[in-house]
Structure formats: structure tokens, C-alpha cells
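Got chain A sorted already, so can you dock chain B onto it with the hints?
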Amino acid sequence: MSPRAVSRGTTPRKTPRTDGLSRYLAERWRGIGLSLVVVVATLWLGATGQLGLYIHPRYFIFTTVMAGLGLVFVVASFAFRTRPADESRPAGRPTGDRTTAGRRALALGGSAALLTFAAVAVLGLPPATLTSATAIQREVNSGGLDSEAAAEEAADLVGTGDYDRLSVKEWVSLLAQSEDPALYADKTASITGFVLPDAADPDNVFYVARFVVTCCAVDAQPIGVAVYQPGWQASYDTDDWVQVSGTFMSNPSSRSADSLAVLPTTIEPVDQPSDPYVY
Amino acid sequence: MRRAPTGLILGVALVAAAFAIRAASPAFAGWGVPDRAQDTITLALSVIIESAPFVFLGILLSTVVQVWLPHGFITRFLPRQPLLRRACISLLGMFFPVCECGNVPLARGFMVGGFTVPESITFLLAAPILNPITIITTHQAFGWGDGILLTRIVAGFVIANVIGWLFSRHPNPDSLLTRTFSASCAVPGVSGHDNDQHEGHSHPPGARPGRIERSVDLFTRETAVIMPALFLGSLIAALTQVFVPRSVLLALGSNPVWSVLAMMALAFIVAVCSNVDAFFVLSFGSTFMPGGIASFLTFGAMIDVKMLALMRTTFTTRTLVQITALVALMSAAAGLLVNYVA
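Protein sequences, first through last, are from chains A and B. The numbering of the first sequence is numbering that gives the first Met the number 0, which starts it at 0 and goes up by one. The numbering of the second sequence is numbering that gives the first Met the number 0, which starts it at 0 and goes up by one.
Chain A with its partners taken away, still in its complex shape (with noise of 0.2 Å):
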């Protein structure tokens, strides 16, 4: 449809060809300019090392591919232009009145505020992980661990004796096993994760915290270890990245829920990880 054929169709009272064009060009661009926002985002995601800040890296290959297909339909729609189909509304049904014009001008209000809002949250903003008020939202240590595949790989590393080996999601997956001080006695942790401040006690104690992710982000649940550190938060922010090392002892805080807790020797301030999550 060209510019000059919408002017041929233009009059005062709205017609049934200026009608079918707004609704051509609500429904046209619409899902073409979202599926564009993703595909992009994808793609670039992807080409750039961060797809797994939102997804399990299984699909990653599928989810790939599948956008590059998306992107050469996206690319073709702009090729092939198609009419609109004015013609096609049904007898009977007015096109001019107030309510028919004030529900094309809401779908196209709606549908550039939906296009404008996923250009910018989708394109525009940096790429990121999820913090600590999604964490704090989900009760941490609540779910989210396959508890026997992780408790035998927890205990093949334990076997080998090279505890610094031994990552938050397996200390977890350890923990939930047993709780038994003895147990821990002789070992040293050396873990890393963000800090998560513990809800029972959060003056002494926080979690060193990862997220656990099954298929993509929205079903992470947050895993962690707790820390024994009176007045930490003068030295870290919620959030930070740390590394601690550290042997496990029985949870000096009598509000904490956990009753073992890292006693810190180190907590080195490190960069997050270019994968944040576990799996």
C-alpha cells in the first residue's frame, strides 16, 4: 500500500479501505517488529557469549537456529508486502462510529507502546543476571537441586578429597544430606558466589548465593552457603561477588536457620562470572 493510495482512500468519514489500512498496519507491523526485537536479541545474545544469563545452555543450539530462521522471515515480510484485505470485513458491521475509530486508535496506541517498551527493555538495556530480590523473593535452599544426581556427583568429589573443587551447588547439595558438625571437621570451603544477606539473621550471617536454572531464568531458584560474619555488610554490598574460604562450624547465630556455617578465613571480592547461574 503506498502513501498515494492511502490518500485516494481518505475522507472526511472514516471508510472501510482507511479502516482495513489501520488494521493492516497494526497487525502488520507489530509482529514483525517483535519478532525482530527477539530474534536480534537472541542472535546477538548468542553470538556474544550470553544466552545463558536467561536460558539453560541445552537449548542454546535450537534457540539459535530457530532465530536465525525467525530472522529471514522477518527480513522476508519486509520484502514481500502484502494488501490489506479491506474488503474482507463482514456485512453489516459499521466502520466509522466512534467505537470502531476508538478501538483502532487504542490497538495502535497499544500496539506502538508495546513495540516502543520491547525495543527498549529488550534491545536497549544491558543484559543482566538476576540479584538478590528475586532470591530473597524465593526462599533460598527451597528447591531447585536434582538432589541425587547432585549429591553423587558431591560425593565422587569428596572421594577425591580435593574439597576446592567442591562448588556452592554441591556444598548445598552435601549439606542437605547431612548436617552432622564431624562430618565437616576437616574441611575446608572455598566457594564462590553473590552475597545474599540471610532474612533470620542478617547482621551475622549471609548466604554465599547462585541460582539454580532448569530450563531459564524464571524457574531459578537460589542455593547457598552460609557465612558466619558479624557486621559484614561494612565491607560488602548485597549483590557483590565474592570468593570465600573458609571451614565449616556450627552456626553461632542461634536465629539462623542453618546450623553449620562457614567461619571465614578469606572473602576476596571477584568479578561475576561470565556464566552466573548452575545447572
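Keep in mind the hints are simulated off the structure, nothing from the lab. Mixed in with the good hints there might be a few duds.
Stated by the list, open to error - Listed next, with one range per pair, are the computed distances between beta-carbon atoms: (1) Ala332(B) with Ser234(A): 52 to 62 Å; (2) Gly142(B) with Gln271(A): 25 to 35 Å; (3) Val64(A) with His169(B): 44 to 54 Å; (4) Ala15(B) with Ser234(A): 42 to 52 Å; (5) Leu68(B) with Val119(A): 32 to 42 Å; (6) Val243(B) with Pro268(A): 44 to 54 Å; (7) Ala15(B) with Gly108(A): 23 to 33 Å; (8) Ala15(B) with Lys186(A): 46 to 56 Å; (9) Arg79(B) with Ala112(A): 49 to 59 Å; (10) Ala23(B) with Met248(A): 43 to 53 Å; (11) Tyr278(A) with Val243(B): 20 to 30 Å.
Quantities reported herein were computed from a predicted structural model and do not represent experimental measurements. We treat Cβ as the ideally placed atom computed from N, Cα and C, and that holds for glycine.
Using the frame of chain A, we list chain B on its own:
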């Protein structure tokens, strides 16, 4: 439809501009978005990036069915006995796994091609669940645990066939359709078959577009319907996750009855595509009872705000109210059965 090289140039330029904005996005890191707003966007984007490939796949398969296969290719092999015929129709989704959005134009094409109204309803309700993509993704999310996948498959088959049978008893099934359905489609040009002219479409003789152009046109129209729903659904899901206290969900989720009703209400509002809804509801797996999850996966695949809007192009409001009530009752029954028996 006509070729427009300037359109191709414009499209490539817009894609390049989008990549440029995306590449420059780290420079906007100092915008200082609050954590909760940032997490809302991250969560919504994760659902969109996870779901969009499946949506695209559904549209592409829908295009193959509607544009590239001969018209009537499917219906010629179906049995004539009504019950058996509807049972077979409810399994058609196994061969054509389009999502529920793509099923609406497909079902209209089936009716024009000889399906009765109850048969079309049976297909519409069953196909979103009884298709390989939905079954595989549900299995990836839940496995066979808690009977969630089995309940979804069995309930999907039973509900679709019971409702199809009930409407087959209607003295005048054609009255279930909107008056204008046979003369026009509220989503014009969706079907790519040669029967378009029967639906009031306006391709002049000798000017019919080729299959590739019709495929692209179908992609455009389908994404226009599905993508906004995907964005809004993802945003609502993210807002729910960030702002509704988990304690509220826990309180609802641990009750055998409330877990079912709350999850059905959530399914109706969120309107996530059945191909990927298992991923969405997975995060509620540790919060809600299995019956609530099963009800979400059964009811939401058949009925939601987006599907009702699409189905209204074909069926009367009265019919949709009846279908919704029946699906809700039977989905709730299935969920309660899981919670109390399984």
C-alpha cells in the same frame, strides 16, 4: 502482493540498526534500573527467548500445513463413524504440532473443507496438548513424576472428545458459529489454501501470490497475533514472580483445592503457548501441588484470554462460554483427582 526491493533494503537496515543498538547497550549500564524492575525484565526476557523458537516452529509447521500440503489431504483418510472420527481428529496434533494460536485458522480451514463444527471443536481443544512438541517439553520439565504428564495427555484427550460429543448432540451445530464466518474471516487471508475465495478473500483472478509469498504473509499474520500475547504473558508472569510474595503462593499452593483454582486462573491470564507452558509452570513446581500444575497444563492449553479472542472469530460468545465452563470443570476435576488420589 508485489515485490518491493525498497522493502528488503528497509528490512535489512532495520535489522542492522537493531544489532547496533543491542551492541551499544552496555553503554546504557548507568541508567540505574532498580533491582526489581531489572529482574522483571530479565525474567520476562528469559520466557520470551525460551518460548519464541517454539512459537516460530509452530508457525512454520502451520505454514506447511496451510500452504504447502494439498487441500483435503488430511481429511480424506479419516473414518466415518463419528466417535472414532473425533478420536482420530483429536490426535491430528501428533502429525501437525502447531500451537493453539495456529490451530484456529487451521480449524476454520478444516470446517470449510468438510469437518463438522463438533469435530472442529475437538481438534481445537485436543491439538495443543496431544502434539509431540508439547509432550516432549512437558516431559523435559516434569518427566513422568507426580502423574503430571500422564494427566495432561489423558485429560486433554478425554475433555476434547467429551465436549465434541456434547456439541454433536446439538440440534443445529451451525448455530454455534458466528453468522459471518462462512462469508468472511475476521483474520483475513490466514489460510493459504485455494479455498480462500470461498471465505470472501479478494485475490483477483490471475493475481494469486506464490507459495513463498503466502508463507511469508502467514508468518506476518501469525506473529502479529502471537508475539504480543507472548510479550504480555511473559511480562505478567515476571511481575507475578517478582511482586507477589512467595508466601502467598505457598499458602495457595499447599491447599489441594486452592492450588487447582489459582493455577487455572493464572493459566487463563498468562496465556502462555502450550508448547512451552511446562517451562513456565516449572518454577511453581516446588510451590504448588501437582494437581494445580496438571490443571494449569490442561486448562491453559485449551482456554485462555488469547485463545478466546482468536476463537471468537469463528464461534459465538454463547458457545465460547459453554466450552470454557466445560473445560474448566473437567480440568479442575482432573487436578483434584491428582491431588487427592495420586
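Do the hints match the structure? See the list:
The hinted window of 52 to 62 Å between Ala332(B) and Ser234(A) holds, with their beta carbons roughly 57 Å apart. At about 32 Å, the beta-carbon gap between Gly142(B) and Gln271(A) stays in the expected band of 25 to 35 Å. In this structure the hint that Val64(A) and His169(B) lie 44 to 54 Å apart at CB holds, the actual value being about 45 Å. Checking the proposed 42 to 52 Å range against Ala15(B) and Ser234(A) shows it holds: the Cβ atoms sit about 46 Å from each other.
Taking 32 to 42 Å as the suggested C-beta distance range, the pair Leu68(B) and Val119(A) conforms, at roughly 41 Å. For the pair Val243(B) and Pro268(A), the supplied restraint of 44 to 54 Å is violated, since their beta-carbon distance comes to about 33 Å. At roughly 28 Å, the beta-carbon separation of Ala15(B) and Gly108(A) lies within the given 23 to 33 Å, and the hint holds. Hint check: Ala15(B) to Lys186(A), Cβ distance near 54 Å, so the stated range 46 to 56 Å holds.
For the pair Arg79(B) and Ala112(A), the supplied restraint of 49 to 59 Å holds, since their beta-carbon distance comes to about 51 Å. Under the hint 43 to 53 Å, the C-beta atoms of Ala23(B) and Met248(A), about 49 Å apart, fit the expected range. At about 26 Å, the beta-carbon gap between Tyr278(A) and Val243(B) stays in the expected band of 20 to 30 Å.
Going through the hint list in order, the structure does not satisfy hint 6, though it satisfies all others.
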